[in-house]
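Mind docking these for me? Both chains are given alone in their own frames, and the hints should help you get the complex.
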Amino acid sequence: MKYLYRIGEPAYYATNLTWDSSRGSLEWRSGRGQDVLIVQTAFGVNPIAEMDAICKEMEGIDLRFSAFYPLRPKLSVRFVNAKQGATGCPGNGEACTYTIFPCVANEETDECVIYAPAQEQRVSSPVCHVPLRVALEVSQDMWIQKFLWHTREIPSGFYCIRFITPCGENYQDGFLEYKIGDYLIPITRKMFESHAIYIHTDIKPVVIPRTNAVTLIEPPRKPPATRSKRGF
Amino acid sequence: MTLNASDLVQQFENRLRELDDPVSGRAAKGKPFFPMMVARLGPSANNACLFLRRELSRLWPQYRDEIAFVSADLNGQIPEFSRMASNGDVSDESVSRIAAKLFDANNTHFFSYQKLLIYYVLNTSDFQSADDLRTWLSVAGSLKVATKSSDTVMDMLILLLNEDNEHTEMGAQIRETLAHMDSDALPKILILSNRRNDNGIDLDWRTCHCIAAATIAVSNQENSTVVTDFFRPGFFTVSYVRAEKPFAAISQLCVNTMLEHISNLMPEESVGNLFQEPERLSQRLGLSPDATFSFLDEYVENSINAFIPDGEALNEFLSLFPIREPSPELYAELLSETSAKRFNDMTFGAWDCYLETIVKKARDAALHDAKGISDWRRQYGDLLRQEFTAVELEYLSERVAKIRRNFMRPSRPLTAEKPIRIDAKKRLCFLLSQDEHVIDSLCDEIKTLGEQARICLQTWDALLKSQKNLHLIQEEDQNFISYYKKPLTEYFFRNAENLRMEIRKILDVRSLKLFFQRTMDHLFAYENLGHVFSNSFGDVGAVQDEQTRRKLNSPDIPLYLSLNFSLGAPVYSFLLLKVDNSDHKSLYHNLKSYFSSETFFYDTGSDSAAEVLNIFRVNPDQLL
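Chains A and B, in that order, are what the protein sequence lines are. Read in order, the letters of the first sequence correspond to residues 1 to 232 in my numbering. Read in order, the letters of the second sequence correspond to residues 1 to 624 in my numbering.
So here's chain B without its partners, still in its complex pose (with noise of 0.2 Å):
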């Protein structure tokens, strides 16, 4: 169990991008206009299936039900179908019901039901050789033609081109059999490889998700000249950037923060005078001027508190040990009366035989029941995570032996002077809590809570050490610092004592973790920092808009296919961003100045993101 300050990072990004999903209503406007399918080619595009799952349910939420998923795989050369639901299960539901579900106009709420839209994923990372490109294909033709509605369908192949440093070869043989296909005779294919223009690789394939979540939203809309043209058969691929809110340089600095005031608010502690007040210390030990534990004495108390009766049943039950020179008189008085000590002598040892060999018995059974014994640990356990800090534990952990000294009092209690009736069950709760077995499975507490904490405190030194390995904050970014630090700062100031009594209560990698995810909540909900966490980029200032739109109307938008000459003018150029034309501060209303009218603006709903998509047709003889 590690942590390290790039997790917390990551953390803290989910959350703030969390704030980006439907329920914060940032749904798109435009919404899917013809029923749509997306088919999965092969276990290789398993994972980009699951992005569009998601990016699109964020997308259009109230579809989330509607857009079919379907897995395309094969049984030797046998294709197989089946639908892929929302929860991960897989359906053996025929594609031809699959489709028709599509069209059931009472339970779907597209605008048109004249066309249905297939789009195929199509990943080349295991590909043994280019002619599984022309298998996958048919593929693709046997679904289009199982759906039983060929003559309404339009299909897209998005082929996620895999042309990194060990897949060159293998792309480039791809290319090949492209180019000598008959584009006319295949299904539109939007060639995106992880490979750019610029040299640069994705290598996860991150962005090649978003281009391919970005193309299946601005491609399936009610302009039907561009949803036709998108549809034309050929080689297409695309340019694209994103410009978002810097959710990881917020989530950095954020966390920087969090943990220079945290690290200010750990306590500075002395251990070394523990052991220096012995009666201090066992009583934070949980030790009772009695010699005694408080949880082993309610256990006493209900389990074998019975063995010794009460009132005259305990007279009665007294005269039935032996004595040693019995008389009438010693009968007659009351022997519950007697001390202790001296109805031990007159019993030949046995009275103190007897709590013995019931104290025993009790503890052989707590002790070989694994549940017994657990729970006398857990309760002991509880008991010293209220008391000590995790230095303190370490610290006593590695002193066992000197506790165990400290907890062993070879002397009998003082109340054996006093009457059975009063001693008996103070003496029973005596012998418990110092039998040699129970100390040791104490003492085998202190050692497993101690070896936690010290993994907890290296934990912590890691954390604080790993904050050298993040990234410098870019220097771009920089102006959003005192935007986020001054809340932060404040929040840290106003909750600082409770965060102290949190920080004590800190005695393990596991409530260290818990900590910080708690103390990521409140930031969250906290009134002065919940609404600059949700804040669109284009507020945190004006300086933002500026480098958000020379990002977007860059000349150098990579393009996602390399390619040796020049493509020339973009079929379609889209602009994905939240459309606010009521708000005269929004990027939107910023940015659209800037682009020529030719330029699409599609509402994503999510004023987060701004993302340009540049579609380009591909010659095939450019693919060589």
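Isolated chain A (complex conformation) (with noise of 0.2 Å):
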């Protein structure tokens, strides 16, 4: 199928895209029987600019019944179809910017027009940036000493950040650092999918995100207070 970017038109539109993030699926308005095209782009990235080229990019794949392709790094699309589901889909994780198009396909000429969303507004907005929302917990690390008739918790020299939330697809190493005098020491994807890390010093690392694209929220619940089995 051969795509093709065009001016917008009041008779085709699909704004106001936002973010479920109970369902993590997106939700969109459009016209009565309105395909629509999703772009999901990098953080903060809007694909407007480079439409015409997503375009020739997209020419001979057939996105019709697929998920989220990847087109290129940190850029993917999705054809949603009015009959698919008309007002919402599934999206593709957070830590990225979703942009929707309102298209039309022709089956007969094999050509799928794309239009131009409206000028943004700020009530309805065809652009949804998703921030990544992590929690996290920063505590001393104990370990229990024992004297012959009590035992006691002493600091085990660590300190251990929990994550307590996944970091999802899109996430980048890099995106959350933590701070210790000077210093800040990136966390990385592997750090994530380890649930937790011990940093050996008696000052407590702050967590900070590098970037919008991750939002650091409050854990759901207070979590027991760490028993380390790494403390030495």
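I should point out that these hints are in silico values taken from the structure, not numbers from a laboratory. Beta carbons are placed, not taken as given, at the ideal position from N, Cα and C, and that holds for glycine. Among the clues, some could well be false.
Said to hold, decoys possible - What follows is a list of derived Cβ distance ranges for each label pair:
#, chain 1, residue 1, chain 2, residue 2, range
1, B, L367, A, A116, 24 to 32 Å
2, B, Q283, A, T215, 15 to 23 Å
3, A, P70, B, Y331, 39 to 47 Å
4, A, P70, B, I439, 18 to 26 Å
5, B, E301, A, P166, 38 to 46 Å
6, B, K447, A, T211, 29 to 37 Å
Below you can see the structure in the form of structure tokens.
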């Protein structure tokens, strides 16, 4: 199929793109029976200036029944036809930006015309920035010292960062950093995958997002105090 | 930015003529006898006055600031006068004050303060009607009055009468107006038409301006009879011819010879095998065996290294990274001695990410700071300029994608197996030099230099071709060819190696132009050429003298006013040249016997030119 990018027309619209974090899905408002194309980019990146190039790259690819199609690094596209769900579809993770375009596919000519969105408005926008919401906990690691008749907790010399939520598909190494003194150490995907990391320091690390693509949220509940086996 | 052979010839000619300036001691022996003022009547005479200032300054350099130049303009019907300073500034100093300064015997050096000579200069090109002539004559009268020295003033109007094809009718009307004026009530009027009596046109007024300057020079002299006659009311015109050293032909010969030798010194280059030795090419492109660029390594050393501490502090810093399997033994050993690869694996990839992050921050800071990125590009450009010729740069710029592939090294450097304390800084250098955005900007520099080189090569080709557009050197001038060509050839033979090295450094049109300027500088400074260039045209040979004599003594010297009737004998005849009695080979010595005893010789101090100026009285009815 051939994709053509055209100036927007009032008859074709798709806007008010929103993210439902509880379901991890996208929702929008569009004309009745309106097909749409959703472009997923790195957080904060606007694909509109590149749409002609994106159309060329999509040429020959039949996107109609696929999920998000990775067109190039940090850019995926998904076609949703009116019958598939009209006003919503599953998203492709957080820490990214989604932009919606109304489009009209013509089976006979094997052409799909994609229309530029109307000027972005404050209330109703075709663009949706979805930050990754990360919950984590930083605590001093303790170990139990046994005496003859009692035990006591003493600092193990480590601080622990416990990752409560997963990092999802779009997290990139270094999106989060922890600060100790003047040093900023990046937090990687592998650290998320290990659920917790231990830092050899007496100073409490402060976790800082390096980009707007990540938002720190409060952990859903207070976890129990860390009882580590790692102290020595 | 173009360059053609005629530009070079013009540059060469300007330099040749500079040798004739007052700095060379070629000022006139004669000096302005009386205080004098040159008045520009209206903006049309601006060019004429600029020329007169330049020429009179050349002739009488000591009087550069003592000759007053005044501009007269009309504000509606009211004349306004201002002083035209030598630096182009205009001041509102009153005319009487300007005149008073001319008579300041303490600060001026005129021989006599009995008279004030005023030369009005008027060009008719912008005349709307012949009545404008009356208007400007009235302005001239006002100026004379404004000097408050009317009784001492002797004045002359130099009327530059435009009679080219576009101004024929206006010219005729002005002539008619003049013919019906009472010449006794007017200053002397010297009519210089740009249409000569042989129908030739002095379209850019160059010759008329020379005549005006020569007239002013000879009219302000110690012979009071001549001066009085000169300023006697009436209409006058002149016949004029100038014989000068053939500056243009000499310049053309020299430039042709220069281009011929330089084109022989151009390297014959084969660029096809540049990519056949990729390692050698990478090295010439500035890439070290570690896949880094030295100027970026310096940047890392000076700006980024601070993010990685040295010595014991490095161990403390590394211990802040989360370790996958921490153990007392691990922290007891020096982490800085751990291999970079192992440490990266132990720290969940955080070590690599840390290095990449600080390099990325430094890169972004440089790329977003116009000064930063331009500094990198400038340094890389300097490196390329030292290493490649214009032909090579053009070739490379057309193959940037290939060079880009050549730059990119996907593997980690071998030092990754070495301890962190050794690897860390090398890794930073590698990451910065291998950054896609940085490489893109370096490739952009190659493209830019390649484009400049392409234009430079085109300009060079066009320059060689443009030689064909030069006029052939006239037959009578050909006798000096060997006189100039021999030392020129010797110069290029002796300096071939230096020139060849300089030619390799020509990478853009600017450096091409500078190269020619430098080469000309060297030519004029070269001991065997400098004096050849500064020789008078008589020195070139006796043949040249003979040609000059015939030209100056011709019965057909053009008159700068087309008339239907003959004017008879001239009132005065002047021969302006360097009067040198001591040298029996001088042009003056060779010429004086051919001119009548009534000819006045005026010493201009310049042996590069000789001018004949014949002054004729014109009756009013002859103008019709």
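Here is what the structure says about each hint:
Here the CB-CB span from L367/B to A116/A is close to 29 Å, well matched to the stated 24 to 32 Å. In this structure the hint that Q283/B and T215/A lie 15 to 23 Å apart at CB is violated, the actual value being about 49 Å. Separation of P70/A from Y331/B is about 42 Å and conforms to the stated range, judged on CB atoms against 39 to 47 Å. Between P70/A and I439/B the beta carbons are some 25 Å apart, a value that agrees with the proposed interval 18 to 26 Å.
Checked against the hint of 38 to 46 Å, the pair E301/B and P166/A passes, with Cβ atoms roughly 41 Å apart. K447/B and T211/A have their C-beta atoms about 32 Å apart, which keeps the hinted 29 to 37 Å range intact.
When each numbered hint is compared with the structure, a violation occurs for hint 2 only.
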